[in-house]
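Take the given structure of chain A and dock chains B, C and D to it, following the hints.
Number of protein chains: 4
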Amino acid sequence: MIIVMKPSATKEQIAMVENKLMELGFKTHPIYGEVKTVIGAIGDKRNLNTHYITTLPGVEALVPIMKPYKLTSRELKQDPTIVEVGDVKLGGEEIVVIAGPCAIENKDSFIKTAISVKNAGAKILRGGAYKPRTSPYSFQGLAADGLKIMAEARNVTGLKIVTEVVDTRDVEIVAETVDIIQIGARNMQNFRLLQEAGLSGKPVLLKRGLSATIEEWLMAAEYIMNEGNHNIILCERGIRTFETATRNTLDISSIPIIKELSHLPVIADPSHASGTWKYVPALSRGAIAAGADGLIIEVHPDPNSALCDGEQSLKPSTFAALMEELKPIAAAVKRML
Amino acid sequence: MIIVMKPSATKEQIAMVENKLMELGFKTHPIYGEVKTVIGAIGDKRNLNTHYITTLPGVEALVPIMKPYKLTSRELKQDPTIVEVGDVKLGGEEIVVIAGPCAIENKDSFIKTAISVKNAGAKILRGGAYKPRTSPYSFQGLAADGLKIMAEARNVTGLKIVTEVVDTRDVEIVAETVDIIQIGARNMQNFRLLQEAGLSGKPVLLKRGLSATIEEWLMAAEYIMNEGNHNIILCERGIRTFETATRNTLDISSIPIIKELSHLPVIADPSHASGTWKYVPALSRGAIAAGADGLIIEVHPDPNSALCDGEQSLKPSTFAALMEELKPIAAAVKRML
Amino acid sequence: MIIVMKPSATKEQIAMVENKLMELGFKTHPIYGEVKTVIGAIGDKRNLNTHYITTLPGVEALVPIMKPYKLTSRELKQDPTIVEVGDVKLGGEEIVVIAGPCAIENKDSFIKTAISVKNAGAKILRGGAYKPRTSPYSFQGLAADGLKIMAEARNVTGLKIVTEVVDTRDVEIVAETVDIIQIGARNMQNFRLLQEAGLSGKPVLLKRGLSATIEEWLMAAEYIMNEGNHNIILCERGIRTFETATRNTLDISSIPIIKELSHLPVIADPSHASGTWKYVPALSRGAIAAGADGLIIEVHPDPNSALCDGEQSLKPSTFAALMEELKPIAAAVKRML
Amino acid sequence: MIIVMKPSATKEQIAMVENKLMELGFKTHPIYGEVKTVIGAIGDKRNLNTHYITTLPGVEALVPIMKPYKLTSRELKQDPTIVEVGDVKLGGEEIVVIAGPCAIENKDSFIKTAISVKNAGAKILRGGAYKPRTSPYSFQGLAADGLKIMAEARNVTGLKIVTEVVDTRDVEIVAETVDIIQIGARNMQNFRLLQEAGLSGKPVLLKRGLSATIEEWLMAAEYIMNEGNHNIILCERGIRTFETATRNTLDISSIPIIKELSHLPVIADPSHASGTWKYVPALSRGAIAAGADGLIIEVHPDPNSALCDGEQSLKPSTFAALMEELKPIAAAVKRML
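Residue numbers (numbering that gives the first Met the number 0), protein chains in the order written: chain A, 0 to 336; chain B, 0 to 336; chain C, 0 to 336; chain D, 0 to 336.
Chain A extracted, bound-state conformation:
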């Protein structure tokens, strides 16, 4: 790290900062500029309280040189991580599409949707059993009953299944049933939930928080990896900005950035990003062309009567048509779908 001293810092203050750094085990290298002095400090900063330094007299700023995440970093592991969910591989040559309704409403409807998305080419089935809803008056999900319906849909279709968990107390039961545990955007910094997901041993689909920087998102993945679970799929699902024409703003740049900074696979969620089914095809095509390893798309047999997020759900027929549109895009970026 680099410590920048104020223009008004005295020699004594500079010496004190150097001494403190040496006491903490850092090697120091001061550079005396015309206006300001900066001190290079070599050592492991991870256990340091950086404000101990920044609040010393005469210090203007501390500039970190190393990234705060380690395990998720491509500096540590240069080969891309391929998350294997049975025979489905995320992060490899194949583009993997996850599809299904926002919430599991009843068995018949869910299995019908499962069959249709499988026929269209989806490899993983999504469905919400525990729903985080903005209003306490909205449908909150079928909970354990929903998990049973998911398992049955897996038996019928052979699709892998993923569902969101919103409470540390539910991680165990969810992990017993599903193939992938989803951490939603609102819980991206629910650190206890991240730890439990890490301990569950199941692959984790980690959505980016509404206002999370890419660095914070990777730090959330670091929490999971720190528990020994390295099977993480990152999911860009739109960030909150001033623009209200879409529910959120899909940050498509995050796809090449994640590919540069991390070895983890990254997919996109055009349904939650836009909040409107009619923009889902354009965003899906854009995300694949920009390098995403997959997509998670809401599909509902009858969006008009969905209990949750019907506005952003595709009909099965529209989803099937989109899957056809995506094939030449995947081929253009030398991937398969």
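Watch out, some of these pointers could steer you wrong.
Copies of the same chain are indistinguishable here, so a pair counts whether it falls within one copy or spans any two.
[Claimed, not checked] In silico DSBU-like pairs for lysine-lysine, Cα to Cα no more than 35 Å straight-line:
no., residue 1, residue 2
1, Lys333, Lys314
2, Lys117, Lys76
3, Lys147, Lys111
4, Lys66, Lys258
5, Lys314, Lys19
6, Lys35, Lys10
7, Lys258, Lys277
8, Lys314, Lys69
9, Lys69, Lys26
10, Lys277, Lys76
11, Lys69, Lys258
12, Lys10, Lys111
Don't read these hints as lab results, they were simulated from the structure.
Okay, now just chains B, C and D, sitting in the frame of chain A:
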């Protein structure tokens, strides 16, 4: 609510929307404009899936007329709520200041801080036992041991105590010990935690989420109130914007807006909003002048050696000086401190 | 428009609002709900000061039903506008790529770049003669001398040329020389400049402002069209958000939204959006796949020595390789490049 | 500045960066860490194209150590600047309030307002002669006729006058008439307009741009000062965020930050920040308590019939009452009003 039809909507589509609304128990009032038709619909929209309507053919948009929150609304309860924590009253004539360190580090230091903030005029003591930290490598709090230290500080000083809870599994033990349960910004939409806090029977200090709108913040309070707990203190702690000169941007306008929309008391957290102790006095003065019912301020006996958020902590002497500065401001807005 | 009355509005207040609306030439249709009354008002709102209504006693809100823009709207003109710049057509089947350096630095370098981007398949040459720079100490452009170099590059290559204008006093000289006038992001709400560009008779490339909503962007285009100039090319170039990993956040959703709301062509600027050349290929592919009508890309023969924005410039060889990558993407969305 | 090399940078690459820096006149100080090497470079970076360095092979990042602004910086000039407009002093002990309507509509109404705001204690009169309006169909101002009305109001009341200029071609005529030239938020990065305002010799009221960082705002002031004009009054008027409950979000933290970074006076505009007259008193009190040197407030004799921004205008009587409320706040921060 108002349903806006597209310019291209046919008579049949308009009739179908009217019929569906009537089936759902709404009374309808169409208005035929030169370009667009709008349909007024009178009835209870709370259990309606609005996308059922918005996805009908010919519908352009649905405009809600009623606010989505009820219990927190000043439309429902015009008198301000005064949250009583023993003999401390939040939301009344008195400005209540909560102070203490980010994290509880050890008994001696914590009790020393407690005594100093009490002497300066604080009424409630804050301290973190369970810390939500961005990095898994940072200090995570003393947990149950921290709660014991808090209780001892209360015994010594007579101050009320507040601490943050980050996991549904901890609500019971926290509620047994503290006077106020805090829900932090990162958990503002951890709906299960909100429900558990609601069921705990303890007053809840509900911080605004980093990217939460005022409406979403009130909906989070609605979750708590929906469990029968009406003792909620809202806390503005800064929102995430493009500006990086402060850690977050204190949205001071939220104070008069909350006062207009809701009957709940609202306080400000200048320490987390700015992330830098040197801006805390200006923001504290500003918040009180704008109508806040109180403040929550980080104070640490030795910020340089704090295990958490030292940069934003005031020294006890600076805190005491600030309390003096705030008195004439409080008097200027006809409040007491 | 719809006027929403407060729950506390009296009959007299409702009657007064109706009377005022009728005086202003609106037909009124009140709807009496259980809690609130709303009044539908039919008429031309464009010349109305809406706050005249919103500040009447008892009024809670005014909800516009019609969009504020007319000329740019697809409601008015359903066929897409194809902007013809000589034989280059923007908005048709062909994807048009604009390329060139941020600033024109000298004749030799500029003409060399022009030849290389033409050979790679670009149809229009960009180059800055008047540069809006954040710092007064940065290179401000060659002004009229830059325009002469551009004209010469056009003679040599046959490429069309586009440059930014930043001052109403320069519109005339710029319009005499170039084929397309560019209005930059910082001037998107410089309304006088928009009017002058409208009067110039030249096609206008209108960049989206850093913090402009899509509606404000279309209103800026409306200013130009209101002067009788209908040849406008919209350009998404990234918006300002909290994320700092890229200079701006490319709002890829704006592409399908503009296609829905307006008949005007829309292109993307991946260079300014990301601020880093290495993300330009991914964003270029994503924008074309999402439906953009073209791209504007910074290319510099020697980015290391560029006087402006070298970090975001591609080398000619990288640009040529990108053009090859884009061809199958264009084909996948049934366009040509 | 500090150049951070990639972990993979070779010795040759490090040597090349050092050589290039030395060629450019910098003294270099490499520091070899365990993972990364950083190079300290001492010299004047203002005329350097930093991307020349950042794009050299092996370079990861460049960290500036010096601030990009000079003339506006408190590092250069420690005493606060007091802008004198005749006998009115901005930036001194006195809190200066500027008041008046958004737009000048006619002589009688304007002079009536001028008299009322003077009686309430305002020292400077605002009024728009050239209005930047989002819609081309809105009232655009009386232009030169408006200036004449302003001058007459000054004669009648003795108030100083300030108006916004939106076109370089109007700076001369505006500077001849008014006491202070205003640069609006939408033109904060209209650099030519900044230069003309700098050359005009008149004090300049520089509003912060909707999405301008504090650093960019100071750089805009630097443009004006670079033309030799040091009489600048900064004005915080709200930034664009995701929150829609107010038109913009008043960034009250910017007040103490400007006081720390710059010697220039700073005032607040609660009318444009909130967009709603009812929040103006709370924000006015908050801004003064936080350390603002003054306020600019919209006042209109009949907001209901205002041709522009009536929603955010106070009635003269409300303004007069607010001025009384502000006096004890000013006294509490040891200022006068």
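| In rising order, the numbers of the hints this structure does not comply with | none
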